[in-house]
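Novice: Chains as they are written, first to last, in this note's numbering: chain A, -8 to 314; chain B, 7 to 446.
Since the hints were derived computationally from the structure, they do not count as laboratory data. Quick caveat, the model's predicted, so the values are computed rather than measured. All C-beta atoms in this analysis are idealised placements derived from N, C-alpha and C, irrespective of residue type, glycine included. Hints should not be assumed to be uniformly reliable.
Covered stretches of chain B, going by a simulated chain A footprint (3 or more residues, C-beta under 8 Å) [unchecked claim]:
1. 66 to 79
2. 180 to 194
3. 282 to 294
4. 302 to 309
Not the full set, but computed from the structure, chain A residues with beta-carbon under 10 Å of chain B [to be verified]:
5. Thr20
6. Ser95
7. Ser98
8. Asn226
9. Pro257
10. Ile293
11. Ala296
12. Val298
13. Pro307
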Amino acid sequence: MTSETNQTPTTQNRLQLTTSPHLHNNWTTPRAMWAVSAALAPSTAAALLFFGWSQIGILLTSILCAAATEALIQKLRKQPVTIGDGSVVLTGWLLALTLPPDFSLVSAGIGAIAAVGVGKHVFGGLGYNIFNPALVGRAFLQAAFPVAMTTWRSPNFADAVTSATPLGALKFDAAASALFPMFAGNTGGCLGETSALAVLASGVFLIVIGIVNWRIPASMTLGVLVFGTLIWLMNPQAHPSPVYHLLGGGFMLGALFMATDWVSSPVTSRGMWIFGLGISLIVVVIRVFGGLPEGMMYAILIMNAFVPMIDRFTRPRVFGAVA
Amino acid sequence: MRRKTFTGGGVHPPEYKELTEHLALEAMPIPEQLAVPLSQCLGRPAKPLVKKGSEVKTGTLIAEADGYISVAVHSPVTGRVTGIGREHSGNGSLQDVVLIQPSESQERDYLPPIEPESASAGELIERIRQAGIVGQGGAAFPTYVKISPPRDKKIDSLVINACECEPYLTRDYRLMLDRTFDLISGVRILMKILGLRKSSIGIEDNKPEAIRKLRETAGTDGDLEIIPLKTKYPQGGEKMLLKAVLDREVPQGKLPMDVGAVVQNTGTAVAVHDAVVNGEPAIKAVLTVSGRGIRKPRNLVVPVGTAIRDVIRFCGGIHETAARILVGGPMMGTAQHSARTPVVKATSGILVLTKEEISWGRETACLKCGRCVSACALNLMPTRLARLSRLGRFEEAGKLNITTCMECGTCAYECPAHIPLVQWIRLGKQAVLRMQRNRN
Ligand code: SF4
Ligand code: SF4
């Protein structure tokens, strides 16, 4: 290329030569991750309000340990350190919100290390993990500290006695908690799930800006209502009503923030429906028949494992496909 | 009323049409030197009929079609041929060009005008072939081939593509406003050729002015239906347009004529009018010069063979912030590394974009967010296709219909991980097509 005749003088050597398309909608991986993190603010605020400022320690410990783990692993593997892309902060943050109030900081840190190390980097880092890393961390803690993980304290505006979560209470004491406090946040539970209202508002925000695909929360809600109602009708005295399923046990946090994790959920629309319905069926079964009131985590992790298969079998019909 | 559109997928990129939509078409003065490419359509280049020293007039045939899928080339100006040279084409490859030095006085050597009412379909098709008209919608297919389908294909619909769904571009819009009458005349000529009493113009509802003016000019005969479509990219793709307007789905590997339809672009219809009624061969490109990197955005009528550098100069040159020059729209156009690239018959736009407008970020791993999957109007799995291409697993990519991809760019536009999906898919597509050819 003879340079002087080729280009208008001022553009020389500055022209970029990439292929189409030349426009982009401006979403980037970091921007998406930070948007989800920002959407966790209301739930976090609710957690601090109902359980006290001291809970911020759990949050910081979890986030810092998660980030440090990622940085360390990437340094050791001589990969570029990507803690700035927000995904590891989000993992730490989500994990913290699934922990009980007053949880030990050391344990929280261990959970974060497991989440990032085992949940994410064993699989090859961002984009390659099969399971939701935050839930892997939580599952690890559940196995390591089963008692601490199920010791719930009532929130600030209720009688301050150690109590089970609403679902736990219903399951083990056959005592129902009132629905409205569950919705607003004034009931016992893990940090982030205590206010379904806050979670719902943030989730709607993420759906509106297009980060969360509505199909997953929609199918999960539908599934829980259908399966929950069927089981409830079999014996309304013994089983929780479907509304309890929706408001309790971290369902909302799971449906809007955990199951919708991009990497570990299906990419096809039909796949998302199957995934969501599958989770809701498992969660209802676990809650009602299993010994575990908080089945959300297992339900999502189990369905995570099926995602590659779901994606393969739900490819959309290609436009103009013959037969 | 619910506006028609294609089902599933699609995106709404910012339109940026406000930069030029209010600017009427202007004729660009003849430049000092022209380099008229012999290759004007996706088929074979034309065979030159002139050599160094030949005197030509505006409209003189300078190269004849070489085979069926090939178009004639005429001189856009009066002047002297200074040789046959080589120049980059819009897609970067080198091509032969006829170099012409324009003279002081300009003289026309057009074809004899034809009265469309009294002419036969055969005469009209022959005129379109003689005039060397190519499709203006992007693919640059010879128009006369498209309007003479084999006898076993029954055509019952003509759809005029007035979507202009690419951001920035407003040349079709200006043609609709500034040459409404000629456009409608061109459409009626096409209807006559196809033996149709009715046709439709599919136009996106972001152009209310044009819809109004077209309706007004088309009159009340009812032979021309103006159909407003819900604005959505890539509605201007032939398959998407037919889905939106006629609710017909072109089967994979087939053409619109297989579902009884012919699609023609707005610009093509105007060119048809010019060739028949005025005897003017296809020697000018109507194009939009836009982008935040250009000083004076415009809608221009440019002689074919003008270097994009000259067009840019005529538009006041570029700003310091200019980062990329494109031929075509921002979703499907090609970045240029030579500002000497000549304008061809099918050039629809020259864009000078700044860094801010391009805004591509750093690539990360695929997040499996599924946005590319839900955005693809053809229901392909872009993430999977790109990955298979990257891994060289072309066999599997072929099974997942990679060759169906129209390279519309929607998936990459949506991808938060900034993966150059289309680049990978294009690569895979070429490999699969090669494999299929070798097998046959
Ligand atoms: S470029 Fe191809 S794969 Fe991507 S959206 Fe367009 S048709 Fe689909
Ligand atoms: S849009 Fe990009 S990140 Fe999302 S699934 Fe497609 S390729 Fe992966």
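Novice: All the hints need checking, so say for each whether the structure fits it.
Specialist: Status of the hints after comparison with the structure:
Proximity of the stretch 66 to 79 of chain B to chain A, defined as three or more residues with a beta carbon under 8 Å from a beta carbon of that chain, is not established by the 0 residues found. Coverage of the stretch 180 to 194 of chain B by chain A is violated in this model, with 0 residues showing a Cβ closer than 8 Å to a Cβ of that chain against a need of three. For the stretch 282 to 294 of chain B, the proposed coverage by chain A is not satisfied: 0 residues have a C-beta within less than 8 Å of a C-beta in that chain, short of the threshold of three. With 0 residues carrying a beta carbon less than 8 Å from a beta carbon of chain A, the stretch 302 to 309 of chain B misses the three-residue requirement, and the given coverage is violated.
Among the interface hints, the one on Thr20/A holds; its C-beta lies about 4 Å from the nearest C-beta in chain B, closer than the 10 Å criterion. Using the Cβ-Cβ criterion of 10 Å, the hint placing Ser95/A at the interface with chain B is not satisfied: the shortest such distance is roughly 33 Å. A least Cβ separation of about 30 Å between Ser98/A and chain B goes past the 10 Å threshold, and the interface hint is therefore violated. Residue-level restraint check for Asn226/A is violated (minimum Cβ-Cβ distance to chain B is 39 Å; threshold 10 Å).
The beta carbon of Pro257/A is positioned within 10 Å of a beta carbon in chain B (closest approach about 7 Å), and the interface hint is therefore held. Nearest Cβ of chain B to the Cβ of Ile293/A: about 18 Å, over the 10 Å cut. The hint is violated. Taken as an interface hint, Ala296/A does not check out: its beta carbon lies about 14 Å from the nearest beta carbon of chain B, beyond 10 Å. About 8 Å separates the beta-carbon of Val298/A from the nearest beta-carbon of chain B, less than 10 Å, and the hint is met.
Contact between Pro307/A and chain B, as hinted, is supported at the beta carbon level, the nearest pair being about 4 Å apart and thus within 10 Å.
When the structure is compared with the earlier hints, violations turn up for hints 1, 2, 3, 4, 6, 7, 8, 10, 11 and for no others.
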